[in-house]
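Put together the whole structure using the sequences plus the hints.
Protein chains in written order, with my numbering: chain A, 939 to 1063; chain B, 939 to 1063; chain C, 939 to 1063; chain D, 939 to 1063; chain E, 939 to 1063; chain F, 939 to 1063.
None of these hints come from the bench; they were simulated from the model. Among the clues, some could well be false.
Identical chains share a label here; the pair holds if one copy fits it or two copies do between them.
Below, computed lysine-lysine pairings styled on PhoX-like, alpha-carbon distance capped at 25 Å [to be verified]:
#, residue 1, residue 2
1, Lys973, Lys990
2, Lys1015, Lys990
3, Lys948, Lys973
4, Lys953, Lys990
5, Lys1015, Lys948
6, Lys953, Lys973
7, Lys972, Lys953
6 protein chains.
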Amino acid sequence: MNLHKHFMAKLANFKQERTRLNDIMAKHANVEMKKFIHLDSSVYESGHLPSKTKEMMGLVASLVLRCDDCILYHLDKCLNLGVTTEEIQEILTIGLIVGGSITIPHIRRAMDALDEVTTTDLKTS
Amino acid sequence: MNLHKHFMAKLANFKQERTRLNDIMAKHANVEMKKFIHLDSSVYESGHLPSKTKEMMGLVASLVLRCDDCILYHLDKCLNLGVTTEEIQEILTIGLIVGGSITIPHIRRAMDALDEVTTTDLKTS
Amino acid sequence: MNLHKHFMAKLANFKQERTRLNDIMAKHANVEMKKFIHLDSSVYESGHLPSKTKEMMGLVASLVLRCDDCILYHLDKCLNLGVTTEEIQEILTIGLIVGGSITIPHIRRAMDALDEVTTTDLKTS
Amino acid sequence: MNLHKHFMAKLANFKQERTRLNDIMAKHANVEMKKFIHLDSSVYESGHLPSKTKEMMGLVASLVLRCDDCILYHLDKCLNLGVTTEEIQEILTIGLIVGGSITIPHIRRAMDALDEVTTTDLKTS
Amino acid sequence: MNLHKHFMAKLANFKQERTRLNDIMAKHANVEMKKFIHLDSSVYESGHLPSKTKEMMGLVASLVLRCDDCILYHLDKCLNLGVTTEEIQEILTIGLIVGGSITIPHIRRAMDALDEVTTTDLKTS
Amino acid sequence: MNLHKHFMAKLANFKQERTRLNDIMAKHANVEMKKFIHLDSSVYESGHLPSKTKEMMGLVASLVLRCDDCILYHLDKCLNLGVTTEEIQEILTIGLIVGGSITIPHIRRAMDALDEVTTTDLKTS
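In structure tokens form, the structure reads like this:
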């Protein structure tokens, strides 16, 4: 029970720590770094492809490159844009097949966050 | 001119060599390898997400992992499924931002194939 | 002393957390993902090569790809299959030479687990 | 406040844990591993290029390969050799551009350590 | 037929070019580089583990890191040490499962060399 | 002799092909891609650190990420900015130690280009 509560707060903790670190990064970033960060936001905005499709691509890219922070970030974005649990499973499966078993620990942690979110939703609805 | 012709056949040559090597691989693959290859095909089939979206994800994953063969394969699949040139540009841009300048040589070669295809289409239409 | 105890439980904690996450993954995995996970088990079973040799290859692959979870998993498997401490050292050294100094932090953590196991064995024997 | 204190000790904790693990590694390393570790030290010594330039290269290599431990190690070395905050920013920016947005979580953590060090220096001066 | 002959010489060409480049490298390598190259040879020599097992580990490490030159080198070593075709298949399958579909182009090329060698052996025997 | 001439033109051929592909990329790049390419140039310009140091860092980053095109590009830049052969050796050695034996094929090809350049210089002086 105690363990469950600890993980219930996983995505929230991640976001809080991410905000704290982004503030520090904003303080120390030089002009070129800031330009890159701006560009990094703009490429996920809707253009010829909708933002939703782009965030899915961000998720699969993060998985095959095995970056937990990036996975959680794009997972959260995807869920907010209405990507369903079944679609998330298919996205992670493509990452798994492209990237191999070495991606499994990251999929486990992504599914831990996914489980937390879907379990919470069921309870609050 | 001669140089241009040489590259006009780029995607065709890639496919021909790929077929030759796939035949050799089929000859030497064991049961587990064959199961994986089957799985590798099935995950790009339409499910909760359409095949088109999955091929786009295959393209971006191939780019950030910097595999020319995989990029050309998924690029060809995307074009056959009706992904437009503008959409390809946005997919490659996400790969570029996620994966950095180290992906540029691969983007150059992908665009060389893209240029070949679009130039040929214009001439034959 | 307190610090030592904390690390004594390292491999046990890893296994417990791994089990918890595998249960969550089993709950959310789709058919293709389950097929991959099944395949991932079967390739380490004895065939033309014994399971022991395959687990050693799993360990070196995990090290050069720098995945702590995968390293600990295959290290544990190797030890259970009778791979000696001296052999583990040679496996990790091959990973170090192939993968370079960037693998050192992972080797340090693998040796921390190895030290825990061998120290415990000495004390209990 | 409490949170800040926790991170004030970040670089110190990293060094302490690194020392503990290096002792364990020294205990379990075989001859070839020890030769590599010796070589790993000697290549950063001043030769045709000064040690300072070499540590900067070690930092950028660690960033594009996305190894937090290696980044913190070379960041600390750079700061001790007199590399300025502005220079660190330029080094990290090159890593960011070469390696892409996937390096950002590592830059955030590097800047967290950098912020800790520079804030502490201001307070103690 | 012509195409087949071209590939018949694949492994021989690889070795010839490798020798040419090694001579150039020997000419330009500094002391530390030479020490590393010496170390790189010694770790594959028989110790607690036989050279054969170590070359298999070199092959799987090269595959998951996706380096064609390294794959061909260790494949050749394995074959010379008596590793069978069936064992090679199992080694490559472990690399495929660990590293995912992104390794397939490299497996194709490895199997092209393997096919060349086994076909030649059959013809000359 | 014939073989030597073939490689004499290696760096020149690389530059010519790079220019051809850059023209194609410029034709197909979208706004965000162009912004990134601009940023990619600007980070190597002299700032708090001189361009020469930055190009050395670009070379080491390219080596550990194992991108031949990027290595040749930064090697050429370094040589033009007056980095000596001995310094190039030290830069490549750091990349070798950080990235391991998997970088050796890339170092061989870099040294092949270096050998071509230095041999030509001796002959023309």
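Checked hints:
1. When the C-alpha separation of Lys973 and Lys990 is checked against a cutoff of 25 Å, the pair qualifies both within a copy, at 23 Å, and between copies, at 23 Å.
2. In this assembly of identical chains, Lys1015 and Lys990 lie within 25 Å of each other by CA distance both inside one copy and across copies; the values are 8 Å within and 21 Å between.
3. Taking the shortest Cα distances, Lys948 and Lys973 never come within 25 Å of each other, neither inside one copy (30 Å) nor across copies (29 Å).
4. Taking the closest pair of Cα atoms, Lys953 and Lys990 come within 25 Å of each other only inside a single copy of the chain (20 Å); across copies the shortest separation is 32 Å, beyond that limit.
5. Only within a single protomer do Lys1015 and Lys948 lie at most 25 Å apart by alpha-carbon distance; the minimum there is 15 Å, versus 30 Å between protomers.
6. Taking the shortest Cα distances, Lys953 and Lys973 sit within 25 Å of each other inside one copy (23 Å), while across copies they are farther apart (29 Å).
7. In this assembly of identical chains, the alpha carbons of Lys972 and Lys953 lie at most 25 Å apart only when taken from the same copy (20 Å versus 30 Å across copies).
Checked against the numbered hints given earlier, the structure breaks only hint 3 and satisfies all the rest.
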